[in-house]
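Enquirer: The task is simple: from the sequences and hints, build the whole structure.
Protein chains: 2
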Amino acid sequence: MRYPGLRQTTFEIITIGYEILDGRTLDTNSKWLAERITGLGGLIRRMTTVGDDVDEISSAIREAIRRKTDWIITSGGLGPTYDDKTLQGVAKALGRRLVLNRRALGMIEERYRALAESGVIDSPELTPHRIKMAMLPRGAKPLRNDVGTAPGVLARHGKTMIACLPGVPRELYSIYEKELEPILRKKVRKVYRVERWFTVLKVPESTLAPRIDEIMRRVPGIYLKSHPKSAEGVSRIEVQVIAAANRRGVAERRLEKAVALVKKVIRSLEGIISEERAGE
Amino acid sequence: MRYPGLRQTTFEIITIGYEILDGRTLDTNSKWLAERITGLGGLIRRMTTVGDDVDEISSAIREAIRRKTDWIITSGGLGPTYDDKTLQGVAKALGRRLVLNRRALGMIEERYRALAESGVIDSPELTPHRIKMAMLPRGAKPLRNDVGTAPGVLARHGKTMIACLPGVPRELYSIYEKELEPILRKKVRKVYRVERWFTVLKVPESTLAPRIDEIMRRVPGIYLKSHPKSAEGVSRIEVQVIAAANRRGVAERRLEKAVALVKKVIRSLEGIISEERAGE
Numbered sequence: 000m001r002y003p004g005l006r007q008t009t010f011e012i013i014t015i016g017y018e019i020l021d022g023r024t025l026d027t028n029s030k031w032l033a034e035r036i037t038g039l040g041g042l043i044r045r046m047t048t049v050g051d052d053v054d055e056i057s058s059a060i061r062e063a064i065r066r067k068t069d070w071i072i073t074s075g076g077l078g079p080t081y082d083d084k085t086l087q088g089v090a091k092a093l094g095r096r097l098v099l100n101r102r103a104l105g106m107i108e109e110r111y112r113a114l115a116e117s118g119v120i121d122s123p124e125l126t127p128h129r130i131k132m133a134m135l136p137r138g139a140k141p142l143r144n145d146v147g148t149a150p151g152v153l154a155r156h157g158k159t160m161i162a163c164l165p166g167v168p169r170e171l172y173s174i175y176e177k178e179l180e181p182i183l184r185k186k187v188r189k190v191y192r193v194e195r196w197f198t199v200l201k202v203p204e205s206t207l208a209p210r211i212d213e214i215m216r217r218v219p220g221i222y223l224k225s226h227p228k229s230a231e232g233v234s235r236i237e238v239q240v241i242a243a244a245n246r247r248g249v250a251e252r253r254l255e256k257a258v259a260l261v262k263k264v265i266r267s268l269e270g271i272i273s274e275e276r277a278g279e
Numbered sequence: 000m001r002y003p004g005l006r007q008t009t010f011e012i013i014t015i016g017y018e019i020l021d022g023r024t025l026d027t028n029s030k031w032l033a034e035r036i037t038g039l040g041g042l043i044r045r046m047t048t049v050g051d052d053v054d055e056i057s058s059a060i061r062e063a064i065r066r067k068t069d070w071i072i073t074s075g076g077l078g079p080t081y082d083d084k085t086l087q088g089v090a091k092a093l094g095r096r097l098v099l100n101r102r103a104l105g106m107i108e109e110r111y112r113a114l115a116e117s118g119v120i121d122s123p124e125l126t127p128h129r130i131k132m133a134m135l136p137r138g139a140k141p142l143r144n145d146v147g148t149a150p151g152v153l154a155r156h157g158k159t160m161i162a163c164l165p166g167v168p169r170e171l172y173s174i175y176e177k178e179l180e181p182i183l184r185k186k187v188r189k190v191y192r193v194e195r196w197f198t199v200l201k202v203p204e205s206t207l208a209p210r211i212d213e214i215m216r217r218v219p220g221i222y223l224k225s226h227p228k229s230a231e232g233v234s235r236i237e238v239q240v241i242a243a244a245n246r247r248g249v250a251e252r253r254l255e256k257a258v259a260l261v262k263k264v265i266r267s268l269e270g271i272i273s274e275e276r277a278g279e
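Here the protein sequences come in this chain order: A and B.
Counting from 0, one number per residue, gives the positions in the first sequence under numbering that gives the first Met the number 0.
Counting from 0, one number per residue, gives the positions in the second sequence under numbering that gives the first Met the number 0.
Quick caveat, the hints were computed from the structure, so don't treat them as lab data.
Among the hints, a few may not be true.
Here are the simulated EDC-like cross-link-like pairs (lysine to aspartate or glutamate), alpha carbons at most 16 Å apart as the crow flies [stated by the list, open to error]: (1) B/131 to A/212; (2) B/224 to A/18; (3) B/228 to A/212; (4) A/201 to B/121; (5) A/224 to B/124; (6) A/224 to B/82; (7) B/224 to A/121; (8) B/201 to A/121.
Expert: What follows is the structure, encoded as structure tokens:
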């Protein structure tokens, strides 16, 4: 849903993994992130999934930067194995080298020590595969992972921020909530969104829909949608009215204006409003 | 998963809908399509989700065409309402006009007549909103929708085929199975994929993983992955060996070659193969 005239911090979500492209794995991370980010007022403009391939990852990131997105959030491809290539892709997109990040190495060391102490793994030894997870694009910062071994990564490129999260959902949730969301809360432009629903009877949807579209084109910052329903032979229409603005007062005024116009249209068509309620 | 040296028909899946970008709806269509297409031997190179915006849709399609994909499959945005904009986006990307397609109109007419006869809707009248679904990019063909009102659409642009499917899952499944898959079965290059799994004990993953990577780099058309597992304090590694080729015999020879190399490596590391089995 997009509201003309509203200024929002923009996001793109890039998911990395052949297992998603092959249809083996359902990507639920993008929806989870989108819901949280939308809740903060962010605008997700695009989601992209590419495979575990340095060139594909780097192209996807470069394209998002070219579209001047404020934030790129990646998920997947941060692990210790050969086919975890996200940081190589990010480094290539930004034209930077991967360098050993001491803080990331410290986090990884600490995690493996704890895993070895609790008997989950045999040795806390920092093998090349484990050290690989501490090789970050120059200038990037690690984000602490409390439930897995691969730290998240935060990098900046011009006006675009890039946050890389692991693909394992519970690791992604943890890093997002503990490390990334506190940053986003400060940086994402506030959006106020108010909503009203009407249940309309006695008007055919084909008559109401074009009039609803007309109101939407006339009032800035609002969104209207008619959802035709029918139950037990009686056809009814659910009309959703949403208004949004960077200030609460503006959003509320826009909603009242749109609501008045919707009611006028319904009356002029001799329709009946059987219910009026606020949105979630 | 990608196998060097294997020639595959390439696909991109483009999903259209603000409800996905906003995190309200989980996109399950892409996974469903990916699984089916992968099963036919197709290679999905990228998935993209954009909003219900003509420019965004048209950009996403043009980018996929520029990447010389063989097939673009879109889902969503084919319905009767103002914010269903997929066909406008496709028309713009291809530089064609939307024209009334008689066959599409006939399909839509038939569906609304049946819905009116069964009492689901009041009138089978072809309103502008309903006629809109028969406005196809010039030269495109409709794909019959047996469970909803919006036909799917098939268009060609140079060497790229574009198939547009509705976003409602059961409508997408129906059009895919009855209309699109029969075409894909003829057009998609065959791929044979064979698989073997080993359960390996007594070798640390950190030692085995780099040797596995080495084999993968040496034998074309194969894919190896080690999955570390631990159960009841005993750490074990599941090693997956996959070989693929456009001919079955080649795939089988590649698999045997990779399997022999994997066994040699495990023996040289004094590991134990506790189980060897074929893949699903």
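Enquirer: Does each hint hold? Answer for all of them.
Expert: For each hint, the structure was consulted:
Annotation: proposed proximity of residue 131 of chain B to residue 212 of chain A holds, straight-line Cα distance about 15 Å (limit 16 Å). With a CA separation close to 13 Å, the supplied pair residue 224 of chain B and residue 18 of chain A stays within the 16 Å bound. The hinted pair formed by residue 228 of chain B and residue 212 of chain A fails the criterion: a straight-line CA distance of about 56 Å is larger than 16 Å. Under the criterion of a C-alpha separation no larger than 16 Å, the hint pairing residue 201 of chain A with residue 121 of chain B is consistent with the structure, at around 11 Å.
For the proposed pair residue 224 of chain A and residue 124 of chain B, the alpha carbon gap of about 22 Å is over 16 Å, so the pair is violated. Distance hint between residue 224 of chain A and residue 82 of chain B is fulfilled; the C-alpha atoms sit about 9 Å from each other, no more than 16 Å. Between residue 224 of chain B and residue 121 of chain A the CA atoms are separated by roughly 21 Å; this puts the pair beyond 16 Å, and the hint is violated. Taking the CA atoms of residue 201 of chain B and residue 121 of chain A, the gap is about 11 Å. The hint holds against a cut of 16 Å.
Of the numbered hints given earlier, the model fails hints 3, 5, 7; all others are met.
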